[in-house]
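Residue numbers (this note's numbering), protein chains in the order written: chain A, 1 to 337; chain B, 1001 to 1363; chain C, 2001 to 2331.
Since the hints were made in silico from the structure, they are not lab data.
Any given hint could be a false lead.
Stated by the list, open to error - Only pairs whose alpha carbons sit at most 25 Å apart, straight line, appear in this in silico DSS-like list of lysine-lysine: (1) K2313/C to K330/A; (2) K2277/C to K2098/C; (3) K118/A to K2037/C; (4) K2317/C to K118/A; (5) K2098/C to K118/A; (6) K1225/B to K1259/B.
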Amino acid sequence: MARSITYREAINEALEQEMERDPRVIVMGEDNAGGEGSPGEMDAWGGVLGVTKGLYGKFPGRVMDTPISESAFIGAAIGAATGGLRPVAELMFIDFMGVCFDQIFNQAAKFRYMFGGKAVTPVVIRTMWGAGLRAAAQHSQSLLPVFTHIPGLKVAAPSNAYDAKGLMISAIRDDDPVIFAEHKLLYDTAAEVPQESYTIPFGEANIVREGSDVTIVAIGRMVGMAAQAADELAGSGIQAEIIDPRTTSPLDTDTILESVENTGRLVVVDESNPRCSLACDIGAMVAQEAFGSLRAPIRMVTGPHTPVPFSDALEDLFIPDAAKIAGAVKKAVDYGG
Amino acid sequence: MADERILRITMPKWGLSMKTGKIIEWFVEEGSTISTGDDLADIDTDKIAGTLESTVDGLLRRIVAPADSELPIGATLAVVAPAEVPDSEIDAVVAEALAEVESGALEAEAEPEPQSVEVAGRTISYLTLGAETEAEPVVLVHGYGGDKNSWLFVQQPLAEHRPVHALDLPGHGASSKDVGDGSLSLLADTVVGFLDGVGIERAHLVGHSLGGAVVAAAAKAAPEKVASLTLLAPAGFGGRPNAGYLRGFAAATSRRELKPLLGDLFADPGLVTRQLVDDLLRYKRLDGVPEALRTLLGTLLTEAGEQAIDTPGLLAGVEAPVTVVWGREDKILPLPEGKVEQVDAGHMLHMEAANDILRLIPL
Amino acid sequence: MTGTLPTTVTQELGPDALLTAYRTMRTVREFEERVHKEFAGGDIPGFVHLYAGEEASAAGVCMHLDDRDAIASTHRGHGHCIAKGVDVGGMMAEIYGKATGSCKGKGGSMHIADLSKGMLGANGIVGGGPPLICGRALAAKQQGSGGVAVAFFGDGASNQGTTLESLNLASIWNLPAIFVAENNGYAETTSSTWSVATDDIADRAAAFGMPGVIVDGFDFFAVHEAAGEAVARAREGGGPTLIEVKFTRYFGHFEGDQQLYRGDEVAHARENLDCLKRFRTRVTEAGQLTNEQLDGVDTEVAEFIDQAVTEAKAAPKPGPDQLLTDVYVAY
């Protein structure tokens, strides 16, 4: 019968199946095997949260530990991609983009355009994002908007195990550089995932739930929060439609606009900081393209304009939750009436 | 304490993935006298809505599950008993039924697992329901883009008296996605090979759409294996097919492309649920499926958009009884001239008019 | 392991190879002198950083490379491009921002690239190239192609974390990589004697467990020999090398630089150290080539560059439709 595996297992399976299918695929990152040069066992970790565990033994020479030297190895993955490999490099936490961003946004993202369309850079940069692990300000950010801003990059942010596998396989087969953002609080969530390989096209949103009263666009872990809110709202007779863009670049604007044309209301949920966020981006797009359909002001539910705090008492306040989403929906639904 | 005069009407199981059903509307009320075959209620599943028919005769004493309630398979929906059974006994049965749902005992039911068999180097997935009996088994063959789960309203009832096997053709469901040249003979050989592989000497073959042409070709290739043929809106009966649907289905990669097409499958386009669209998209995203569907499209359609298969020609020498059934509102393959059984349904007649189909299969 | 190689010809180069080396250096010189002149005339947009004076480095290293091999360059990239075989007409057109340019006019002087030639691009980011070269070397190693990858970078980039991280990574992964530090004495206006903490950039090789050598960058033969050893070692699985090439640039950081920070080293170098002059003296005195042969190259190259400029000036600019293309392979 249908098989249920976790988000972590789904990504691991995607990597394994693609490495099996295509000898050009290699995996590298800090502790991606774990234990290189150490006296104990190899494949000790499989990445800090175990996503690449088990691949080292299956693909000799193709799963590489790296020094803590993100500029060099992220850049090396990008360089190797121009040289005929299809590397999947792990930037452990998205927060660490600060120490290697040049290689991503000035090199990988720009090659194709500034070299007149002659470069192909099929690199995938896997990275963990999101708050909720009590990991504080430098290990909890949701920096997707920064990558989404950059032409030449694609950005995927799966919200569940099924999407994680299909999007990862698409990312590896994609000829453009892809930032593959894995929400660290979703690793243990499970869903029905086919054993067979499959691809989910980039730029195709998932309509998670249909409803006629309000459109909720949510990303990553916030999709589950929005679903919780929608369940609560259904009790008050409010039918919410939930759209998970799945990739923020490209963004499936058509699905979002069609939904807003039906519901007349939009709530965008993004755990990033609010300024220049995906919430702003999607909100502005809808305001520009579907103003006539809107029956209420667009509402954004985001983290505040602060770093992510450590103490659970504060971090739980930072992260948008179902109550905040439901509150925003009610404001939208009650507007003017 | 069980009184044999008290009969329960329970939530049916329509297809493997169905876990619960939701009562949409009752067509009978407490105090009605009901007979076998009467429409009792419309029930919605996450796949599709269907009509529950009575399998008993008697006085409907109590409706346990009101409209809008969602209940697991096997849950008691209503109680039938002669008038002389006292209300107190009925109350006891209802209380027991509610307790059973409350306890969650119904949800733990073990499900039959699909199996697989190798046929000519391909893995063919199939689901068998029903125990071995004296009766010859039934083999169900789905249409283009379908799979073994499309028999959800048909397989379980047929399996009450015999084994019923629903298989996935190559390129479909959980079978190998390689379809070779995709020819009708390859598909028919797969069905014959399947019969050999699972040790079936002779079977009633039921095929829908492309599967109808496939079982006809299988009957021509191996007539000794076929007890009867039931062809549901089979491909290859002339008439100009809905090439726009078929080509669009093969090409669609997104929900926005696929969903509008699927309405053509049913007399009632409202039957196209989110889940149906999602399941088809999940299938179409599997490696090898787009190629398989493109190849099979060439088996179904000529370049000019005419039917490429001649099913009546295949049936010419077949001696087994043949039943052809069509939905009057088929928007994919038009109702042919001549004598065919007709039911109130669209192309997916085994979903929309399952109860009629069950009566028409010559068992 | 740091040392200075003798500037003698230890590796036999036949007349054809010598002519090729001279033609490469002369082409770079002529290209740069001409761009200098045209820039002053106001015809060339944006930033242009000229390589004149440094020709022996690009030519001496790239003569050891073939199509398996990749190089990454710097903002001062014209010489590396020419030495790696990028089409000179396309380069000139690119500098003019024309549709016929190497990058369709979308890159300009700082981003000339030809991946089909293993030229990963001039690079506007100081220190941008070395990590990429680790990747190209890794790819060559994984593919077993026998290829090597060369990062050219300046004294400025020698202080960048990317460069230092790449030296470490190349060493621990034992990559077929060569790091060529072109020390022309200045990072923009800042002297490398001040900005580099060690006496020589090559000293840093020891910190990363690889050989480091210093060569006279005005001497083609010295560069050629050092690079030959490094390339051979890399091809054989012996790992990376750091080569420091010392010279000075003949022009400013970029065109328009008044060079108020400089002494009189350019006049001295042009007169006494120039790579083309020394090459000519060496090969004619050794009887390997004649002055007439070399003069013939000079004439041919001058005509060639003149034609490249004429064609670049006449070429069309990219059309408006080009604004939105080439961002992605597919989006």
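Structure-based check of each hint:
1. K2313/C to K330/A: violated, 64 Å
2. K2277/C to K2098/C: With Cα atoms ~34 Å apart, K2277/C and K2098/C exceed 25 Å; violated.
3. K118/A to K2037/C: violated, 30 Å
4. K2317/C to K118/A: Cα-Cα ~18 Å, so holds.
5. K2098/C to K118/A: OK: K2098/C and K118/A at ~16 Å, within 25 Å.
6. K1225/B to K1259/B: violated, 39 Å
Checked against the numbered hints above, the structure violates hints 1, 2, 3, 6; every other hint is satisfied.
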